[in-house]
Amino acid sequence: MLNKKGWGTMIPSKQTLEEIMNLAATHFKVPRERLAPDDDFFKTLGIDSLQALDLLTRLENHFHIELPDYELQGVSDFRTLAERIQSRM
Amino acid sequence: MESFRGQALSWELKDGVVELALHRAPCNEIGSLTLEELEKFVHALDGFREEAHALIIYSDIKAGFCAGADLRELYLRSQELERTEAARGVRDYLERIHRVLNAIDASPLTTIAAVHGVTFGGGFELALVCDLIIADRMARFCFPELRLGLIPGFGGIPRLKRDLGNAVVRDLLLTGRSFNATKAQQVGLVSQVAAEGEALRVARATAAQLGKFDRRTAVAAKKFIKPIPYEELRREIELFCELFAQPAVEAGLRRFVESEDAQPYLP
Chain W
0 MLNKKGWGTM
10 IPSKQTLEEI
20 MNLAATHFKV
30 PRERLAPDDD
40 FFKTLGIDSL
50 QALDLLTRLE
60 NHFHIELPDY
70 ELQGVSDFRT
80 LAERIQSRM
Chain P
0 MESFRGQALS
10 WELKDGVVEL
20 ALHRAPCNEI
30 GSLTLEELEK
40 FVHALDGFRE
50 EAHALIIYSD
60 IKAGFCAGAD
70 LRELYLRSQE
80 LERTEAARGV
90 RDYLERIHRV
100 LNAIDASPLT
110 TIAAVHGVTF
120 GGGFELALVC
130 DLIIADRMAR
140 FCFPELRLGL
150 IPGFGGIPRL
160 KRDLGNAVVR
170 DLLLTGRSFN
180 ATKAQQVGLV
190 SQVAAEGEAL
200 RVARATAAQL
210 GKFDRRTAVA
220 AKKFIKPIPY
230 EELRREIELF
240 CELFAQPAVE
250 AGLRRFVESE
260 DAQPYLP
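The listed protein sequences correspond, in order, to chains W and P.
Position 36 of the first sequence, counting from 1, maps to 35 under numbering that gives the first Met the number 0, and the rest follow consecutively.
Position 192 of the second sequence, counting from 1, maps to 191 under numbering that gives the first Met the number 0, and the rest follow consecutively.
Hint data in this document are derived by calculation from the structure and do not stem from the laboratory.
Accuracy of the hints is not assured; some may be wrong.
Claimed, not checked - For lysine-lysine, the following DSS-like pairs were computed, each having C-alpha atoms within a straight-line distance of at most 27 Å:
1. W:K42 with P:K61
2. W:K13 with W:K28
3. W:K28 with P:K61
Small disclaimer: the values here were computed from a predicted structure and weren't measured.
Given the sequences, and given the hints that come with them, work out the whole structure.
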């Protein structure tokens with residue numbers, strides 16, 4: 000089943016979400032407890048689009064997946080990011 | 000000139016290896032200043048053929064190897080000029096950058112691009128003129144030009160077609176998506192992937208190995224293996240200039256320049 004944006008309604012596993020937030024917290028030196036699944040990661044991590052690209056590369060390397068950057072257009076929260084990643088695993 | 004320290008780049012000859020370092024903030028965008036210094040470099044490169052066996056091109060900027068053409072400069076200059084004059088300026092710029100890149104492509108030295116981070120557009124094209132690309136595992140390659148209503152203009156398509164299968168070229172070009180270093184190695188674009196921060200060290204080790212071979216043989220082998228697609232490169236300039244005249248390009252460049260993001264590389 001597709002949602003309004005044409006994406007499948009895949010629910011990300013708790014583990015995927017945790018791994019993403021752990022990786023982001025470690026790399027961008029933000030306390031892990033300050034990150035929540037529905038946070039705007041641009042704001043919480045204080046990153047620009049170039050650093051978001053860096054995060055994408057780290058996530059691709061970590062999960063051994065390929066995630067085209069156009070799939071991240073408009074994605075700014077960890078939960079949706081986890082959905083996109085999960086759909087490639 | 001064995002060494003040079005410019006505003007956008009520097010070079011040095013040491014132990015038979017020429018190292019060209021890019022260091023223009025924010026991410027080595029190639030505008031008129033970089034082009035002038037690259038022209039100086041190519042002039043000097045001819046004099047290295049007796050003393051050097053290898054060239055390494057790398058970036059001293061943390062964000063990446065090179066984010067491509069300086070689109071802000073391109074947009075602002077084209078706004079200052081009449082349409083025909085701006086078109087002439089773009090053609091002149093392309094002719095000059097093609098001369099520089101063709102000279103590096105045809106250099107008798109064995110050339111290595113040691114890349115990390117953003118390797119986009121013209122930066123990707125600069126890496127593609129080199130014989131080998133050694134990539135940091137955090138490198139990303141992309142041709143975002145279609146987002147602006149353009150095609151790559153520094154020889155990217157003919158050189159990609161020379162090196163890779165057409166399906167991969169279409170993927171990179173028509174989707175505008177970026178490849179990470181692992182993917183780039185899988186498709187045959189990158190020869191070696193290094194750990195984070197290690198690409199230059201790996202490139203230096205490779206350059207040292209190349210120094211063990213007979214130079215005349217290495218030069219002959221390179222000439223035999225790596226033809227330069229001059230005819231297609233000419234056609235690329237013509238197509239780029241034709242597309243540049245479209246109103247969509249001006250709108251795309253304006254969107255880029257007016258973006259509030261400090262580095263608006265994502266679509």
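Point to revise | Structure versus earlier hints - violations, ascending order | key: Hint check: nothing fails, all pass.
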